[in-house]
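**Student:** Listed in order, the protein sequences are those of chains R and H.
Numbered according to our numbering, the first sequence spans residues 1 to 390.
Numbered according to our numbering, the second sequence spans residues 391 to 982.
A few of these clues could be false.
To be verified - Restraint ranges, calculated between C-beta atoms of paired labels, are given here:
1) R:G160 <-> H:M784: 33 to 39 Å
2) H:V975 <-> R:G365: 39 to 45 Å
3) H:W890 <-> R:N10: 46 to 52 Å
4) H:K914 <-> R:S19: 45 to 51 Å
5) R:E344 <-> H:I886: 55 to 61 Å
6) R:H183 <-> H:M784: 54 to 60 Å
7) H:Y874 <-> R:G160: 37 to 43 Å
8) R:E344 <-> H:K914: 54 to 60 Å
9) R:K225 <-> H:G759: 40 to 46 Å
10) H:Y900 <-> R:G160: 50 to 56 Å
Think of the hints as simulated: they come from the structure by calculation, not from any bench.
Every residue gets a Cβ at the ideal spot worked out from N, C-alpha and C, and that includes glycine.
As a plain string of letters, each chain reads:
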Amino acid sequence: MQYYKTARGNGRYIGQTRSYTIYSDSIDSPVKVEKKPADIIPGELVFNYGPSTGGMIESVRIALSTPGEMIRSVAVDPTYKLRTIKLSGLSLKDAFILVERINGYHSSSYQAAFLKAVEDALLTEQNTGLDEELILQMELERIRSHLNVLERLCEPAGFGVPYHQIAQMREEVTRVISSIFGHRYFFGVHNTPKPSVRIPSGIVTRTKDIETRFALLFESLQDSKIFVNRLQGNGKIEKVWLVGPAARAAGYKYDARIDSPSLDYGRYGFEPYIEDGKDAFARFLVRGNEIFSSFAIVNQIISNGRPDQANLMNIHGTGIGAARVESPQGDLFCYLSINNGSVERIEFCSPSVSNIIAFEQSMQGNIFTDFHFNWESFGIWISEAGVEIE
Amino acid sequence: MNPVYFSLLITAVAMPVGIWWRKASYALVIAGSLEMAVFTLLGSGNLAYPLAYFSLIASIAWILISIFSMTYSAGYGKWLTPLFAMTVFGMMVILESSDYVTFIIGWEIMSIPAYASIGLNKEHWNAAYVFMVFSEISTVFLVIGAIFAVQETGTMDFRFQSLTSDLPLLLIAIGCMTKMGITPFMISEWLPIAHGNAPANDSALFSATMTLMGVFGIARIMLLSPSSIYLGFFMLAVGVLTVFFAALFAYVSENMKMLGGFSTIENNGSILAAIGLYVALGEGVLKTYLLAVIMIFALAHSVAKTGLFIGIGTTRKENFSEVDSSKNSFLTLGWFLVTMSLSGLLPTIGGLGTWMLLESFFMGAYQYGLIGIASVVAGSMIALAEGLASASMMKVLSFSQVHGHPKGSMKNSEGYVLLSTGVILILLFVLANFLIQPQFISGLPSVLVYNGFTIQSKFSAADFGLISPLYVLVIIIFFALAAYLVFDRRKGKLRIVPRWNGGVDFDQYYTSFAYASNIRLMLKGILRTRIRDGNRQMSVVDVFWFAMQSFASGYRRFARQFAYRVMNSSITWYMIYMIVAFMLVLILAFVI
Numbered sequence: 001m002q003y004y005k006t007a008r009g010n011g012r013y014i015g016q017t018r019s020y021t022i023y024s025d026s027i028d029s030p031v032k033v034e035k036k037p038a039d040i041i042p043g044e045l046v047f048n049y050g051p052s053t054g055g056m057i058e059s060v061r062i063a064l065s066t067p068g069e070m071i072r073s074v075a076v077d078p079t080y081k082l083r084t085i086k087l088s089g090l091s092l093k094d095a096f097i098l099v100e101r102i103n104g105y106h107s108s109s110y111q112a113a114f115l116k117a118v119e120d121a122l123l124t125e126q127n128t129g130l131d132e133e134l135i136l137q138m139e140l141e142r143i144r145s146h147l148n149v150l151e152r153l154c155e156p157a158g159f160g161v162p163y164h165q166i167a168q169m170r171e172e173v174t175r176v177i178s179s180i181f182g183h184r185y186f187f188g189v190h191n192t193p194k195p196s197v198r199i200p201s202g203i204v205t206r207t208k209d210i211e212t213r214f215a216l217l218f219e220s221l222q223d224s225k226i227f228v229n230r231l232q233g234n235g236k237i238e239k240v241w242l243v244g245p246a247a248r249a250a251g252y253k254y255d256a257r258i259d260s261p262s263l264d265y266g267r268y269g270f271e272p273y274i275e276d277g278k279d280a281f282a283r284f285l286v287r288g289n290e291i292f293s294s295f296a297i298v299n300q301i302i303s304n305g306r307p308d309q310a311n312l313m314n315i316h317g318t319g320i321g322a323a324r325v326e327s328p329q330g331d332l333f334c335y336l337s338i339n340n341g342s343v344e345r346i347e348f349c350s351p352s353v354s355n356i357i358a359f360e361q362s363m364q365g366n367i368f369t370d371f372h373f374n375w376e377s378f379g380i381w382i383s384e385a386g387v388e389i390e
Numbered sequence: 391m392n393p394v395y396f397s398l399l400i401t402a403v404a405m406p407v408g409i410w411w412r413k414a415s416y417a418l419v420i421a422g423s424l425e426m427a428v429f430t431l432l433g434s435g436n437l438a439y440p441l442a443y444f445s446l447i448a449s450i451a452w453i454l455i456s457i458f459s460m461t462y463s464a465g466y467g468k469w470l471t472p473l474f475a476m477t478v479f480g481m482m483v484i485l486e487s488s489d490y491v492t493f494i495i496g497w498e499i500m501s502i503p504a505y506a507s508i509g510l511n512k513e514h515w516n517a518a519y520v521f522m523v524f525s526e527i528s529t530v531f532l533v534i535g536a537i538f539a540v541q542e543t544g545t546m547d548f549r550f551q552s553l554t555s556d557l558p559l560l561l562i563a564i565g566c567m568t569k570m571g572i573t574p575f576m577i578s579e580w581l582p583i584a585h586g587n588a589p590a591n592d593s594a595l596f597s598a599t600m601t602l603m604g605v606f607g608i609a610r611i612m613l614l615s616p617s618s619i620y621l622g623f624f625m626l627a628v629g630v631l632t633v634f635f636a637a638l639f640a641y642v643s644e645n646m647k648m649l650g651g652f653s654t655i656e657n658n659g660s661i662l663a664a665i666g667l668y669v670a671l672g673e674g675v676l677k678t679y680l681l682a683v684i685m686i687f688a689l690a691h692s693v694a695k696t697g698l699f700i701g702i703g704t705t706r707k708e709n710f711s712e713v714d715s716s717k718n719s720f721l722t723l724g725w726f727l728v729t730m731s732l733s734g735l736l737p738t739i740g741g742l743g744t745w746m747l748l749e750s751f752f753m754g755a756y757q758y759g760l761i762g763i764a765s766v767v768a769g770s771m772i773a774l775a776e777g778l779a780s781a782s783m784m785k786v787l788s789f790s791q792v793h794g795h796p797k798g799s800m801k802n803s804e805g806y807v808l809l810s811t812g813v814i815l816i817l818l819f820v821l822a823n824f825l826i827q828p829q830f831i832s833g834l835p836s837v838l839v840y841n842g843f844t845i846q847s848k849f850s851a852a853d854f855g856l857i858s859p860l861y862v863l864v865i866i867i868f869f870a871l872a873a874y875l876v877f878d879r880r881k882g883k884l885r886i887v888p889r890w891n892g893g894v895d896f897d898q899y900y901t902s903f904a905y906a907s908n909i910r911l912m913l914k915g916i917l918r919t920r921i922r923d924g925n926r927q928m929s930v931v932d933v934f935w936f937a938m939q940s941f942a943s944g945y946r947r948f949a950r951q952f953a954y955r956v957m958n959s960s961i962t963w964y965m966i967y968m969i970v971a972f973m974l975v976l977i978l979a980f981v982i
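Work the whole structure out from these sequences, hints included.
**Tutor:** Right, here's the structure in full:
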């Protein structure tokens, strides 16, 4: 491991893998956290929501303990449809195919974390072209993911017009991705070596058009008192262990793009956008503004960069590596042990696990109608929380 | 001898009989009540319209409660029955009294056995002490009021006579209001505490008829007193404030009997508001109409409240969370009718009472000036509180019946009594034309509503509003039957499927506590809703009761400190204290 050291709690807390506690500058032995079921108070009821319900896009069971109207405690169970993905023993190339499918909607982040961990484990030199490629992928993915969260925030508010407008923008971004990488969700981008990354003409025009339209819509949403009222004061949380947009919405300048050596964002003049409202509205603002900063990076790379693909064919090295990248939901950490070109042990620390805990705590004291807005504001993906990697 | 006095005699016999023969004692109370009702109807009692109605109302309630008590009181030892009979006897004395002394004696006969029956049936005596403290406060005001009333005559004649000052009415009203659970500028939780801790038959007796004695006491003196705009406004303000807060606290109450207690206060507040408007107004049609409102509302309250506590008694529980209701169609129908009446819905006497009450306040607007403004504000507040009252009754109906499991220990006869109470509420509605002064009865023959079938609300020669009870009932029955015949084609087509709960096998029932939490949160400024740290349990504070308790404990602390620091066995200070106290008494006596 070039960047990560085994030490006691250096830097900010990121989360837990099966075997380690992850900090921004070190990895430590695991801490056992036992989740106690909430006490049932007389007169209270537990409202069961999910796992099979029309309101959620993934299978998740949420138990809301309530004395009526107000939510006293929330227990999210992302393991109802638990997936087990066996990666140990597979070649890096074969493992990669499964890694990019852990959370298909954010496959690019998983690809980046995995590839940078491989690079770290085998002590290979940093490939600037690959970094640019991964950053381009991840920022396009971030735009799409944030658009998706904003779209989902419009839905429970009954804002049909902006909901569909954002959905259209999301689709246009996906088509841009497809035009550049040959797959709408980046699948197979690094598996099959190609001569070079082909960036079709007119992409910058398309991205700038999307950005302009989004700017207008984003302004309009902020002007809508009805929309803002649903988000302001909803799901307030301020904890030092927050990650991603949730942390940045609570005033913390936490971003793997500036505090992880895995990918170099310095050359793009990137600075995280910070809000201090701590609520769903602050998370909405952070995501909206990050779309602009991601567009800025994407346009720079498309205009001036030289993105390049990774080549996972014929790797036979041995070593242990770790990498941390900023996925749209927050820090995504990958620990990887390679034995003669095969995965010996792999562990991920996914941001949705942290965001689920943040959601549970932020929901206490809120009322039922706040539920969907708050849930969507964290951009939680059950696919990366309800999964066991072997 | 006045034949109504036989009812007193029969009920007096019921007291000793009750020690050994429970059912016989209740049968004697029924006989005494029936005798009083019949002879009151025949006009043989001491009272004429409108006061005679109180005897009739109380008799109906006593009969129903006594029938229910025959099975209900089986597990409450030998003292509950004689104490019950004695309380009824005290109330009969109040109703038949023609002077202040007999009235106050009846008041005490009514209160003392009630105190004993609360205390004997609870592990803790707190509720009984609370009851007795407030009972004696009410007696003190009654005695002072009576002294002022007698002083006005300039003789030692204690009989009820016309008064020239409104002071006796003010003092006696405060005394009676205390008994009704109302105290000036606040509602007091004493009544729900006391009524909530008594056996259900006693709770029914206290809520339905003991508070009725308070209304009777005020009405008795009100009819002898001159109009007084200030006193009227005072009663109106206290009544309206009481209605609102009592409805609010009833809605958030988890103890069924305490909910009933708050509902009683809410009803009494409405009656007091009507009395306030009556006292404030000069002679006129509206004033006469208000008398009918007071009687009809008191009737509706007493009979329906009897039913409410009988219903609660059938559950054999105190809190909604403990209820395992008996699945009994008669009981459910009875519950439905009783709660409908207490919600102010037609076709019940409660619906008529609420309609008449609101009409009187909206007609009050045409008095213009301060009375007009006060009437509109009061009417709006009462209408708001009626909404909350309906929600409370919906809570009672839902969580005592719909969500229950058939495990209750109710006797079938209790279901019949509750159903009978519900039917009486409908019958009283249909027969209300005969209970109201003829000047408010008319008809609309042009639309086939014949003369005698319509009740008018009016403040002048022309009518303000109309209602035809029998026609309302017929129309409701007609449309209900039509809907049933047209749409009830379930046979062979009804498909019952398991409940879908997110795809998991998980049963959870909505709770009564959760039902009321919307108001706990929306009105947290008034209810002082608190979420405790740690387990974050939600609770509300009755700010008035809290303030009263704080004042009492603060005074006790002050008195203790005063005793320790100043009067610490010093004979000099004792002497100074006695001289000052003596002089103060002399000054007060001189001033009064």
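**Student:** With reference to the structure, classify each hint as holding or not holding.
**Tutor:** Hints and how they fare:
1. R:G160 <-> H:M784: 33 to 39 Å: 34 Å, holds
2. H:V975 <-> R:G365: 39 to 45 Å: 57 Å, violated
3. H:W890 <-> R:N10: 46 to 52 Å: Because 50 Å falls inside the window, the suggested range holds.
4. H:K914 <-> R:S19: 45 to 51 Å: Hint holds: Cβ distance 47 Å, inside 45 to 51 Å.
5. R:E344 <-> H:I886: 55 to 61 Å: Holds: the Cβ-Cβ distance is about 56 Å, inside 55 to 61 Å.
6. R:H183 <-> H:M784: 54 to 60 Å: 57 Å, holds
7. H:Y874 <-> R:G160: 37 to 43 Å: 41 Å, holds
8. R:E344 <-> H:K914: 54 to 60 Å: Given range 54 to 60 Å: holds, Cβ gap about 58 Å.
9. R:K225 <-> H:G759: 40 to 46 Å: Hint holds: Cβ distance 42 Å, inside 40 to 46 Å.
10. H:Y900 <-> R:G160: 50 to 56 Å: Once the Cβ atoms are compared, 31 Å apart, the range 50 to 56 Å for G160 (chain R) and Y900 (chain H) is violated.
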